[in-house]
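Student: Could you put together the complete structure from these sequences and hints?
Chain order of the listed sequences is A and B. For any residue, its number in our numbering is found by taking its place in the first sequence, counting from 1, and adding 221. For any residue, its number in our numbering is found by taking its place in the second sequence, counting from 1, and adding 260.
Where hints are given, some of them may not hold.
[As the list claims (entries may be wrong)] Now the stretches of chain B that chain A is said to cover, found in silico as 3 or more residues with beta-carbon under 8 Å: (1) 328-337; (2) 369-381; (3) 387-395.
Note that these hints are calculated values from the structure, not bench results. Think of the CB as a built atom: it goes at the ideal place given N, C-alpha and C, for glycine as much as any other residue.
One letter stands for each residue in the lines below.
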Amino acid sequence: MIQLILFLGLGAVFLVLLYFFARRKDPKPEGGAQALLQAHHAISSLRTGLLPMDLVDRVFAQDDLNFVISKSGKQVRELFRRERKRMALLWVDQVRRHVSSLREFHSGQSRLYARLNFRTELGLALQFSSLLVLCRVLQAIFYVQGPYSARHVVGPAVSVAGKVCAVSERSLAFLEPTGSDAFRGSAGPHVAA
Amino acid sequence: MDVQRASDDVRRRTLAGMTQPLRKCIYLASMRDYNSGLYYHDGLADQFSAEVASEALANCHKEAFQDLVNSSLESLVNQFEDYIAASQTPVTGLLAVWARLEPYRVVIPVAADPFAAEFLFSNLKIALAIVEERLTQPRLSKRVA
Numbered sequence: 222m223i224q225l226i227l228f229l230g231l232g233a234v235f236l237v238l239l240y241f242f243a244r245r246k247d248p249k250p251e252g253g254a255q256a257l258l259q260a261h262h263a264i265s266s267l268r269t270g271l272l273p274m275d276l277v278d279r280v281f282a283q284d285d286l287n288f289v290i291s292k293s294g295k296q297v298r299e300l301f302r303r304e305r306k307r308m309a310l311l312w313v314d315q316v317r318r319h320v321s322s323l324r325e326f327h328s329g330q331s332r333l334y335a336r337l338n339f340r341t342e343l344g345l346a347l348q349f350s351s352l353l354v355l356c357r358v359l360q361a362i363f364y365v366q367g368p369y370s371a372r373h374v375v376g377p378a379v380s381v382a383g384k385v386c387a388v389s390e391r392s393l394a395f396l397e398p399t400g401s402d403a404f405r406g407s408a409g410p411h412v413a414a
Numbered sequence: 261m262d263v264q265r266a267s268d269d270v271r272r273r274t275l276a277g278m279t280q281p282l283r284k285c286i287y288l289a290s291m292r293d294y295n296s297g298l299y300y301h302d303g304l305a306d307q308f309s310a311e312v313a314s315e316a317l318a319n320c321h322k323e324a325f326q327d328l329v330n331s332s333l334e335s336l337v338n339q340f341e342d343y344i345a346a347s348q349t350p351v352t353g354l355l356a357v358w359a360r361l362e363p364y365r366v367v368i369p370v371a372a373d374p375f376a377a378e379f380l381f382s383n384l385k386i387a388l389a390i391v392e393e394r395l396t397q398p399r400l401s402k403r404v405a
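Tutor: Below, the structure is given as C-alpha cells:
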C-alpha cells in the first residue's frame with residue numbers, strides 16, 4: 222500500500238513537472254543563433270565599452286571630485302555628485318546585465334560549442350557568482366554612499382569581469398574567422414583581462 | 261592602406277591646428293551628413309575617394325571622441341572655455357543654447373559606445389554648469405585662478 226502511494230506521488234510530481242515544461246512560452250532552441258549573438262554582444266560591450274581601465278578610472282576619478290570641491294559652488298557640487306552617482310549606477314548595472322547574459326549563455330549553450338573541462342566550468346561558475354554578488358554590493362554602496370566610497374572594489378570587479386570575458390571569448394572563438402586573437406585585438410590594449 | 265594614409269593626412273593637415281579633442285569632435289561631426297552618417301571632405305575625396313575619405317574622417321572622429329571621454333573635468337572646462345572664447349557668439353547666448361538644445365549630443369561618432377557617450381554628456385553638462393557659474397559668480401573664477 223505504501224509503495225503504491227509512493228509511486229502515485231512520484232507520478233503526480235512528474236505530471237506537474239511535465240505540465241510546467243509544456244507551459245514554457247519561450248522555449249529556446251538549443252544552439253540558437255540568438256543566444257550566440259547576445260553572448261557576442263555582451264562580450265563586445267564589456268570589452269570595448271565598460272571594462273577599459275581608462276574609462277573606469279575616469280568615472281571614479283578622484284581628481285574630478287577634488288576639482289569640483291575646491292573650485293565650484295554648492296549647486297555645481299550637488300550636480301556633480303548626482304551625475305557621478307547616476308553614471309556609477311549605470312555602469313555597474315550594465316556590467317551586471319552583460320555578465321548575467323554571459324552566465325545564461327554558459328549555463329545553457331556554450332557546451333554545444335566549446336569543450337570546457339569540469340574544473341574550468343566550476344571555476345567559471347564561481348567567478349560568475351562572485352561577480353554578480355559583487356555587482357549587487359557595488360550597486361547598494363553606490364546608491365547609499367555614492368561612487369567614491371567603493372572605488373577600491375571597482376578594480377577587482379573589473380578584473381574578474383575581464384577573466385570571465387576571456388573564457389567566454391574562447392567559447393565563441395569559432396565565430397571569428399581568424400580565431401579569438403582577432404577579436405581580442407579589437408578590445409584595445411587597456412582592457413583588464 | 262588608403263584609409264590609413266587618408267587618416268594620417270587629416271591628422272597632419274586639417275586637425276593639426278586643433279589641439280583640443282572638443283574642437284576636433286565638433287569639427288569632425290560637422291563634416292558628417294545627418295541622414296546618412298557619412299563624412300564628406302572634397303579635398304580628401306579628390307585625393308583618395310569619397311568612401312576612403314569618409315572612413316578616414318570616421319576614424320579620426322573616433323580617436324577625438326576617445327580623447328574627449330578620457331579628458332578630466334578640469335580639462336573639459338578649459339576646452340569649453342577656449343571654445344567659447346574662439347567662437348564669435350556672445351557667451352550668455354551660447355551657454356543658454358547649449359544648456360537648452362544640448363548640441364553636444366551630436367558631436368559623438370555614430371558607433372560610439374552608449375555608456376561612454378552618456379558619460380561624456382554627463383561630464384559636458386557639469387562643465388557647462390561650471391562655466392556658467394564662473395560667469396555669474398566671478399568670485400568663484402578668482403578661486404579657480
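Student: Hint by hint, say whether it matches the structure.
Tutor: Each hint, compared with the structure:
1. Given as covered by chain A, the region 328-337 of chain B passes the check, having 5 residues with a CB less than 8 Å from a CB of that chain where 3 are the minimum.
2. Counting residues of the region 369-381 of chain B whose CB lies closer than 8 Å to any CB of chain A gives 6, so the stated coverage by that chain holds, three being the minimum.
3. Using a Cβ-Cβ cut-off of 8 Å, 3 residues of the region 387-395 of chain B lie near chain A, which meets the minimum of three, so the contact claim holds.
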